[in-house]
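Visitor: Sequence:
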Amino acid sequence: MSGIYFFPRRSWTCFLLLCLYLSVLACGGGGGGGSSDGAGTNNPSYGGSTSQASLSSSNAQEFYAILWGSSSGGSSIQSVASANASSNFSKSRSLTNMLERLKCRSLSDYSGFAVRSMSMARTQAAVNRTYTGSVSGTLTISGTVDTDTMTGNLTMSYANFNNGDGITYDGTLTVRVDGFDITNDLITDGTASFTSWRMAGGNSNFTLSGSMRIQQSASSNSETLTYNIDGWDNTANRAFRFQNLVTTVTYDNILNPTSRTETVTGRVYVDSYGYVDVNMTSPLVYASISQISPSSGGPIILSGAGNSRAALTPYSTSYMRISVDANGDGTNESGHVYAWSNMTGSPVAVNPVASAGSDQTVVATTLVTLDGTGSVDLNGHALTYTWTITSKPNGSSAVLSNASSAAPSFTTDVAGSYVISLVVTNGTYNSNPDTVTVTATFNVTQPSPTPPLSQSVAYQMDYAHSGRVVFADPVSFPDSPAWSATLNGAISYPLIAGGRVFVTTANPGIDTGTSLYALNEQTGSIIWGPINVPGTSHRSGLAYDNGTVFVVNYDGLLKAFNAGTGQLLWSSQMPYQYSFDSPPTAVNGIVYVSGTGTGGTLYAVDGSNGNVLWTTGNINVFNPPSVSSDGVFIIGPGEAYKFHLITGATLWHYSGTGGDYGSTAAYANGRLYMRYSEVSQVTITILNASTGISVGNFALSTYTVMPIPAFTTSTGFFLNALGTLKGIDLNTNSVLWSFAGDSNLVSAPIVINDVVVVGSSSGNVYAVNANTGVQIWSGNAGASIAGPQELGVSQPLTGLGAGEGYLVVPAGNVLTAWHISGP
Numbered sequence: 160m161s162g163i164y165f166f167p168r169r170s171w172t173c174f175l176l177l178c179l180y181l182s183v184l185a186c187g188g189g190g191g192g193g194s195s196d197g198a199g200t201n202n203p204s205y206g207g208s209t210s211q212a213s214l215s216s217s218n219a220q221e222f223y224a225i226l227w228g229s230s231s232g233g234s235s236i237q238s239v240a241s242a243n244a245s246s247n248f249s250k251s252r253s254l255t256n257m258l259e260r261l262k263c264r265s266l267s268d269y270s271g272f273a274v275r276s277m278s279m280a281r282t283q284a285a286v287n288r289t290y291t292g293s294v295s296g297t298l299t300i301s302g303t304v305d306t307d308t309m310t311g312n313l314t315m316s317y318a319n320f321n322n323g324d325g326i327t328y329d330g331t332l333t334v335r336v337d338g339f340d341i342t343n344d345l346i347t348d349g350t351a352s353f354t355s356w357r358m359a360g361g362n363s364n365f366t367l368s369g370s371m372r373i374q375q376s377a378s379s380n381s382e383t384l385t386y387n388i389d390g391w392d393n394t395a396n397r398a399f400r401f402q403n404l405v406t407t408v409t410y411d412n413i414l415n416p417t418s419r420t421e422t423v424t425g426r427v428y429v430d431s432y433g434y435v436d437v438n439m440t441s442p443l444v445y446a447s448i449s450q451i452s453p454s455s456g457g458p459i460i461l462s463g464a465g466n467s468r469a470a471l472t473p474y475s476t477s478y479m480r481i482s483v484d485a486n487g488d489g490t491n492e493s494g495h496v497y498a499w500s501n502m503t504g505s506p507v508a509v510n511p512v513a514s515a516g517s518d519q520t521v522v523a524t525t526l527v528t529l530d531g532t533g534s535v536d537l538n539g540h541a542l543t544y545t546w547t548i549t550s551k552p553n554g555s556s557a558v559l560s561n562a563s564s565a566a567p568s569f570t571t572d573v574a575g576s577y578v579i580s581l582v583v584t585n586g587t588y589n590s591n592p593d594t595v596t597v598t599a600t601f602n603v604t605q606p607s608p609t610p611p612l613s614q615s616v617a618y619q620m621d622y623a624h625s626g627r628v629v630f631a632d633p634v635s636f637p638d639s640p641a642w643s644a645t646l647n648g649a650i651s652y653p654l655i656a657g658g659r660v661f662v663t664t665a666n667p668g669i670d671t672g673t674s675l676y677a678l679n680e681q682t683g684s685i686i687w688g689p690i691n692v693p694g695t696s697h698r699s700g701l702a703y704d705n706g707t708v709f710v711v712n713y714d715g716l717l718k719a720f721n722a723g724t725g726q727l728l729w730s731s732q733m734p735y736q737y738s739f740d741s742p743p744t745a746v747n748g749i750v751y752v753s754g755t756g757t758g759g760t761l762y763a764v765d766g767s768n769g770n771v772l773w774t775t776g777n778i779n780v781f782n783p784p785s786v787s788s789d790g791v792f793i794i795g796p797g798e799a800y801k802f803h804l805i806t807g808a809t810l811w812h813y814s815g816t817g818g819d820y821g822s823t824a825a826y827a828n829g830r831l832y833m834r835y836s837e838v839s840q841v842t843i844t845i846l847n848a849s850t851g852i853s854v855g856n857f858a859l860s861t862y863t864v865m866p867i868p869a870f871t872t873s874t875g876f877f878l879n880a881l882g883t884l885k886g887i888d889l890n891t892n893s894v895l896w897s898f899a900g901d902s903n904l905v906s907a908p909i910v911i912n913d914v915v916v917v918g919s920s921s922g923n924v925y926a927v928n929a930n931t932g933v934q935i936w937s938g939n940a941g942a943s944i945a946g947p948q949e950l951g952v953s954q955p956l957t958g959l960g961a962g963e964g965y966l967v968v969p970a971g972n973v974l975t976a977w978h979i980s981g982p
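Each residue of the sequence shown is one higher than the one before, starting from 160 at the first, in our numbering.
Calculated from the structure, these hints are not laboratory results. Be careful, since some hints might not be right.
Cβ-Cβ distance ranges computed for the label pairs, FRET-style [as the list claims (entries may be wrong)]: (1) Val521 with Gly465: 46 to 54 angstroms; (2) Ala541 with Asn501: 21 to 29 angstroms; (3) Val894 with Asn602: 44 to 52 angstroms; (4) Asn930 with Ser643: 24 to 32 angstroms; (5) Asn602 with Val405: 47 to 55 angstroms; (6) Thr549 with Ile669: 45 to 53 angstroms; (7) Asn501 with Val521: 40 to 48 angstroms; (8) Gly487 with Ala541: 25 to 33 angstroms; (9) Thr809 with Gly829: 17 to 25 angstroms.
A virtual CB, placed ideally from N, CA and C, is assigned to each residue, including glycine.
Build out the structure end to end from the sequences listed, making use of the hints.
Guide: Right under this line is the structure:
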């Protein structure tokens with residue numbers, strides 16, 4: 160037979176599309192007797208009942224088997240797409256398998272001959288050729304094709320033709336193509352007609368008469384097939400008819416399909432029952448082009464006499480459910496699961512199917528109700544439910560209420576992902592688990608800006624602790640300060656945002672507690688405060704985010720205040736630990752707090768209500784958290800962690816050589832800079848912030864005290880224990896310049912544009928060029944400036960601040976501001 164194949168311009172596409180003609184011509188009857196005019200090899204003409212059938216559970220299965228095929232015998236119509244998808248059809252669908260082979264042998268000749276004819280000089284190309292089967296018989300192809308339009312007529316006559324595929328064909332098939340899309344090789348309008356066309360092989364023996372029309376469209380990626388066929392099953396002696404049965408297939412791409420959907424409407428007759436009308440609620444879904452049976456969609460509805468109805472609903476590629484309402488009262492009297500491969504057989508026992516509902520995203524601390532009502536037992540048995548929380552965020556104590564009901568609930572007590580599993584049972588069989596994920600997020604009303612900032616919102620100015628702000632040019636330092644304010648005790652580092660300066664002070668005359676102030680950044684006048692923040696020491700830390708000031712005392716009591724009014728919004732006690740000497744960091748609606756006592760714990764707190772979203776558990780860290788766009792860092796002696804901002808999941812853990820203590824880490828330019836003492840010197844370890852891998856280190860001081868550095872994109876500014884400020888190249892770690900000032904420099908440096916500012920214990924404040932280290936300005940803060948005591952509790956953690964055009968310097972209980980940028 161190889162001699163009859165030709166190769167068109169798109170040989171596979173033409174083969175694929177033109178082979179569509181006969182893929183749906185499989186038809187016949189299964190079981191029972193009947194009558195036919197001209198049965199057997201004569202022209203089959205349906206002579207059975209023409210009344211509307213009364214549907215029952217038994218005959219509904221037979222009608223569906225005729226439509227879809229069955230291993231118990233009988234005919235089937237299978238969609239063009241299914242036939243197109245695979246030449247290895249299920250052996251249970253013997254007729255469909257035979258038709259697949261037939262179409263791929265005969266109709267490919269139309270394409271091959273039509274394309275070959277295009278090279279001929281004449282418009283109408285004629286053919287008349289006969290081929291001999293490898294086993295028996297002959298196939299004669301004759302007709303004409305218009306080589307301009309690719310339309311034409313070919314007649315294919317089979318005489319006991321068997322080419323070794325186990326099927327013998329007899330009869331005549333006429334293919335008429337009235338419309339052809341030459342660009343895409345699609346048949347826009349064509350008809351296959353046949354009379355007394357017989358196929359026999361194995362246990363199947365059918366004679367067919369009628370036609371099938373095909374219409375394809377590249378623009379809509381669809382094809383419509385219309386069948387009008389009378390058929391006779393020569394084995395079961397049963398007649399059937401398909402009347403205006405229309406199948407519409409929609410592909411993801413008709414020229415190169417990977418998936419499809421399908422609808423079927425029309426009328427089907429079976430000789431001893433009469434006819435039923437066929438329609439569908441929604442298209443059948445074939446997720447893969449290789450699927451023979453649909454896995455979802457439908458149902459396929461059969462409508463019979465007396466409002467009797469049947470519905471076939473796909474369950475999977477292996478099983479489906481047939482439900483029957485025989486008396487037409489709207490209630491199904493029967494409903495059972497059957498195998499696609501044995502549609503007229505007995506119901507099968509299948510496990511129930513659990514449905515845990517759709518994934519949800521909620522605000523943390525929300526009460527969530529789950530929905531398992533979509534779970535089904537396809538054989539109609541009652542279900543029992545077993546829900547289990549299989550994973551939840553660190554620090555969550557969420558538990559399910561009514562876990563054996565269809566709709567249990569729980570509260571997302573911290574932010575992160577909660578995975579809940581559902582198993583249902585019908586008393587005999589358990590379902591496979593189905594899971595639902597509930598993602599709890601924090602409530603953010605206004606995202607925080609990305610560093611470098613123009614405000615000071617945390618210790619060392621930003622939540623990365625990079626020590627850098629950017630002001631509008633030009634930046635100039637005046638001879639005298641804009642204002643100076645004397646407060647009630649030693650002053651913390653300032654926050655500068657929203658036209659205000661926020662600080663805490665050590666309460667005077669008592670051993671414990673701090674006070675919170677808000678001052679006008681232009682005049683230094685007190686807008687509100689002092690507000691007492693009780694605690695067992697003079698230590699407290701503060702951070703700003705989205706109009707809220709957050710203050711944590713030494714005992715782990717975190718409070719939120721309205722930045723405009725000073726109103727207390729909420730108060731929340733951090734659990735587990737008892738020592739909170741590190742300041743908080745607040746960004747994008749979350750406040751990150753670290754506490755120690757027994758090991759260390761990092762907390763993520765919802766900035767809107769004080770609820771703890773997640774905790775890390777007990778880790779060896781006790782320093783302020785530093786935040787980047789994709790994680791939160793915290794360090795201890797010689798080790799560091801990075802956690803997911805929202806879930807608290809550990810992203811990496813670095814463990815170095817240890818040391819006596821660790822101090823606040825600074826994040827800048829994709830790197831994390833750790834300071835810790837080791838063998839009477841301070842070592843700087845540099846980590847890749849994405850991976851946690853060390854990329855370098857250097858020793859900066861022979862003493863165990865040095866403040867946190869500041870950074871631009873190319874240079875780090877480090878103050879060693881001898882009071883010398885050094886500019887260090889971040890690529891080479893080499894010293895670019897040194898500045899000693901009055902030899903009493905003590906503050907952590909900060910960077911404003913390209914100017915580095917540092918304070919002296921004498922009260923002097925110096926500004927130096929960031930590129931050269933040359934002094935460009937000095938001023939006096941009115942009192943002695945203290946260096947930061949990151950591990951001390953005798954006073955609030957202090958430091959310089961800059962924001963919204965102002966440089967603000969705490970010196971003892973005096974707060975001084977210089978206006979250096981803007982109006």
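Visitor: Output the numbers, in ascending order, of every earlier hint that fails for this structure.
Guide: none
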